[in-house]
Amino acid sequence: MSAKKGAGYTYAFAMGLCLVCSIGLSLAYTVLKPMQADNVRLDIVQNLFSAVGYTPDQIAELKPAEVLSKFESDFEVKVLDKDNNEADTAFMKKELLGLGYTEEALAKENAASMMNLFNRKVKLLARKADKKLEEYDPGYKALYVYQPGGTIEAYVVPIQGNGLWDIIKGYIALELDLNTVKGISFYEHAETPGLGARITEDWFKQNYVGKHILGNAGELVSITIAKGKVADSVPESKHDHWVDGISGATLTTKGINQFLYADLQKYEPYFKTLRN
Amino acid sequence: MSVAEATAAPVKKTELFGKKERQIVKDPLWDNNPITLQVLGICSALAVTTSLQPTAVMCVALTAVLTGSNVIISLMRNFIPGKIRIIVMLSVISSLVILVDQTLKAFAYGMSKELSVFVSLIITNCIVMGRAEAFAMANKPWPSFLDGLGNSLGYSVILLMVGFGRELLGSGKVFGIQVVPQALYEMGYVDMGLMITPPGAFILLGFIIWIQRETSKHYED
Chain A
1 MSAKKGAGYT
11 YAFAMGLCLV
21 CSIGLSLAYT
31 VLKPMQADNV
41 RLDIVQNLFS
51 AVGYTPDQIA
61 ELKPAEVLSK
71 FESDFEVKVL
81 DKDNNEADTA
91 FMKKELLGLG
101 YTEEALAKEN
111 AASMMNLFNR
121 KVKLLARKAD
131 KKLEEYDPGY
141 KALYVYQPGG
151 TIEAYVVPIQ
161 GNGLWDIIKG
171 YIALELDLNT
181 VKGISFYEHA
191 ETPGLGARIT
201 EDWFKQNYVG
211 KHILGNAGEL
221 VSITIAKGKV
231 ADSVPESKHD
241 HWVDGISGAT
251 LTTKGINQFL
261 YADLQKYEPY
271 FKTLRN
Chain B
1 MSVAEATAAP
11 VKKTELFGKK
21 ERQIVKDPLW
31 DNNPITLQVL
41 GICSALAVTT
51 SLQPTAVMCV
61 ALTAVLTGSN
71 VIISLMRNFI
81 PGKIRIIVML
91 SVISSLVILV
101 DQTLKAFAYG
111 MSKELSVFVS
121 LIITNCIVMG
131 RAEAFAMANK
141 PWPSFLDGLG
151 NSLGYSVILL
161 MVGFGRELLG
171 SGKVFGIQVV
181 PQALYEMGYV
191 DMGLMITPPG
201 AFILLGFIIW
211 IQRETSKHYE
221 D
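Residue numbers (this note's numbering), protein chains in the order written: chain A, 1 to 276; chain B, 1 to 221.
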């Protein structure tokens with residue numbers, strides 16, 4: 001073959017190939033990105049409906065546009081600052097526009113995703129200014145209020161944290177008592193298929209429904225995933241706060257246990273005011 | 001068919017579907033199947049075949065990557081420096097796989113979520129690399145295209161067979177449509193849970209290999 005052509009040729013060929021491949025992929029990525037972003041946005045909304053009790057079939061029946069418009073009418077997105085007052089998303093939008101985002105790019109964001117973008121930018125700014133994150137992090141958090149037909153039926157809290165391989169993101173929906181679980185869903189994860197990835201299976205999510213996050217004294221105990229069946233490993237009196245585990249997914253479920261508790265704790269002060 | 005064969009036979013090299021070309025496509029379908037005979041690409045044959053829909057998408061994805069990589073490698077075959085040919089193939093294959101993965105994310109998001117890492121794992125599917133090294137490096141683009149197509153189809157045939165068996169026995173469905181009647185369940189019929197798990201695929205694959213070797217009379221020494 002081209003063995004005679006020497007090392008220079010080999011280097012040049014390798015460089016050329018890398019250049020062609022990377023340009024090709026960048027182009028493809030740029031072209032496909034808006035469509036992927038739409039898909040992700042739709043997926044998030046579908047998961048919100050799944051968290052408040054829609055079955056997979058019910059969700060599949062709805063066309064993408066219907067899901068999105070239903071989201072607009074059925075959910076109210078609230079962004080709270082660290083003192084649990086409603087935060088000013090217009091201010092966030094202004095900041096993001098100042099950081100190079102276009103009006104067009106932000107048009108599809110709702111208050112919660114706007115806040116996510118802002119939080120990410122705040123981290124970057126903090127790193128640039130070499131300041132401790134706490135000084136910059138305003139502790140914004142999003143809350144979805146589910147109110148089909150005008151009456152509030154559930155509160156949905158976004159949850160996220162580390163699984164085994166990557167961040168797991170999801171939602172947990174609470175009934176009006178802010179204690180009983182209405183549903184849970186996970187929409188982004190990179191857990192092992194067949195093991196950790198089974199957290200997205202229906203039977204596992206159904207386990208959470210009807211469980212309670214508060215103990216007898218009204219303190220937050222959250223919900224823990226057992227090793228194996230709850231009936232075998234957890235005393236009867238605690239069944240209210242435990243769900244069946246997935247064999248082979250110990251680290252995934254450990255992660256969920258941790259971040260579910262941590263995230264619920266963030267909302268607890270606000271929920272206390274709502275419960276009264 | 002025999003007419004086409006007769007007219008195509010005298011023309012050499014430039015023919016599109018001569019006997020040799022048809023042989024290239026036909027051979028890997030059964031007699032020299034990449035999965036059952038060469039026992040390559042087993043990982044995905046076990047992983048994505050619990051139901052037919054993801055199986056079919058996986059087959060399309062692999063066909064796109066395999067034919068694409070065969071043609072590209074074949075086009076470059078006289079320019080690829082021998083010393084770095086493996087890494088060159090890998091770059092081409094992985095670029096194509098990323099392309100397929102991104103396309104799925106844009107146009108079939110639910111499916112790409114279901115297939116998760118297995119689309120990216122096409123990179124490590126030995127069939128793709130094997131055909132590039134064994135065929136595309138030594139043949140012109142058109143035969144390489146046919147070889148890629150043939151091997152993808154051979155892979156797909158087996159995957160769809162396994163997927164069909166697993167979905168039918170494991171969940172009583174075909175392409176997500178219930179085929180085992182409710183009456184049968186009421187009489188006490190139970191779906192075979194084993195078929196959903198990887199061992200179920202192993203067992204089915206074993207049966208297919210058995211039948212195949214019995215018909216082709218090909219035995220390992």
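Calculated directly from the structure, the hints in this document are not laboratory data. Glycine included, each C-beta is placed from N, C-alpha and C at the ideal position. Misleading hints may appear alongside valid ones.
Distance condition first, Cα-Cα at most 27 Å in a straight line; then the derived DSS-like pairs of lysine-lysine [said to hold, decoys possible]:
1) A:K272 to A:K229
2) A:K108 to B:K26
3) B:K19 to A:K108
4) A:K238 to A:K254
5) B:K105 to A:K33
6) B:K105 to A:K205
7) A:K254 to B:K140
8) A:K33 to B:K113
9) A:K70 to B:K113
10) A:K229 to A:K93
11) B:K173 to A:K63
12) B:K173 to A:K205
13) A:K266 to A:K121
14) A:K182 to A:K169
15) A:K205 to B:K113
16) B:K26 to B:K173
17) A:K121 to A:K94
18) A:K63 to B:K217
19) B:K113 to A:K63
20) A:K5 to B:K173
21) A:K121 to B:K105
22) A:K182 to B:K140
23) B:K105 to A:K169
24) B:K105 to A:K70
25) B:K19 to B:K173
26) A:K33 to A:K5
27) A:K182 to A:K205
28) A:K63 to A:K82
29) A:K63 to A:K94
30) A:K169 to B:K113
31) A:K5 to B:K105
32) A:K229 to A:K254
The calculated label-pair distances, taken between Cβ atoms and stated as ranges, are [as the list claims (entries may be wrong)]:
33) A:G218 to B:Q178: 42 to 52 Å
34) A:T102 to B:G176: 34 to 44 Å
35) B:G82 to A:T30: 31 to 41 Å
36) A:T55 to B:Y219: 43 to 53 Å
37) B:I211 to A:P193: 22 to 32 Å
38) B:I86 to A:E86: 52 to 62 Å
Okay, the hints, checked on the actual structure:
no., hint, result
1, A:K272 to A:K229, "violated (32 Å)"
2, A:K108 to B:K26, "violated (50 Å)"
3, B:K19 to A:K108, "violated (57 Å)"
4, A:K238 to A:K254, "holds (18 Å)"
5, B:K105 to A:K33, "holds (9 Å)"
6, B:K105 to A:K205, "holds (24 Å)"
7, A:K254 to B:K140, "violated (54 Å)"
8, A:K33 to B:K113, "holds (16 Å)"
9, A:K70 to B:K113, "holds (23 Å)"
10, A:K229 to A:K93, "violated (47 Å)"
11, B:K173 to A:K63, "holds (24 Å)"
12, B:K173 to A:K205, "holds (23 Å)"
13, A:K266 to A:K121, "holds (21 Å)"
14, A:K182 to A:K169, "holds (17 Å)"
15, A:K205 to B:K113, "holds (17 Å)"
16, B:K26 to B:K173, "violated (30 Å)"
17, A:K121 to A:K94, "holds (13 Å)"
18, A:K63 to B:K217, "violated (52 Å)"
19, B:K113 to A:K63, "holds (18 Å)"
20, A:K5 to B:K173, "violated (58 Å)"
21, A:K121 to B:K105, "holds (25 Å)"
22, A:K182 to B:K140, "violated (61 Å)"
23, B:K105 to A:K169, "holds (18 Å)"
24, B:K105 to A:K70, "holds (24 Å)"
25, B:K19 to B:K173, "violated (39 Å)"
26, A:K33 to A:K5, "violated (40 Å)"
27, A:K182 to A:K205, "holds (10 Å)"
28, A:K63 to A:K82, "violated (37 Å)"
29, A:K63 to A:K94, "violated (33 Å)"
30, A:K169 to B:K113, "holds (14 Å)"
31, A:K5 to B:K105, "violated (41 Å)"
32, A:K229 to A:K254, "holds (15 Å)"
33, A:G218 to B:Q178: 42 to 52 Å, "holds (47 Å)"
34, A:T102 to B:G176: 34 to 44 Å, "holds (41 Å)"
35, B:G82 to A:T30: 31 to 41 Å, "holds (35 Å)"
36, A:T55 to B:Y219: 43 to 53 Å, "holds (51 Å)"
37, B:I211 to A:P193: 22 to 32 Å, "holds (29 Å)"
38, B:I86 to A:E86: 52 to 62 Å, "holds (59 Å)"
Violated hints, in rising order: 1, 2, 3, 7, 10, 16, 18, 20, 22, 25, 26, 28, 29 and 31; the structure is consistent with all others.
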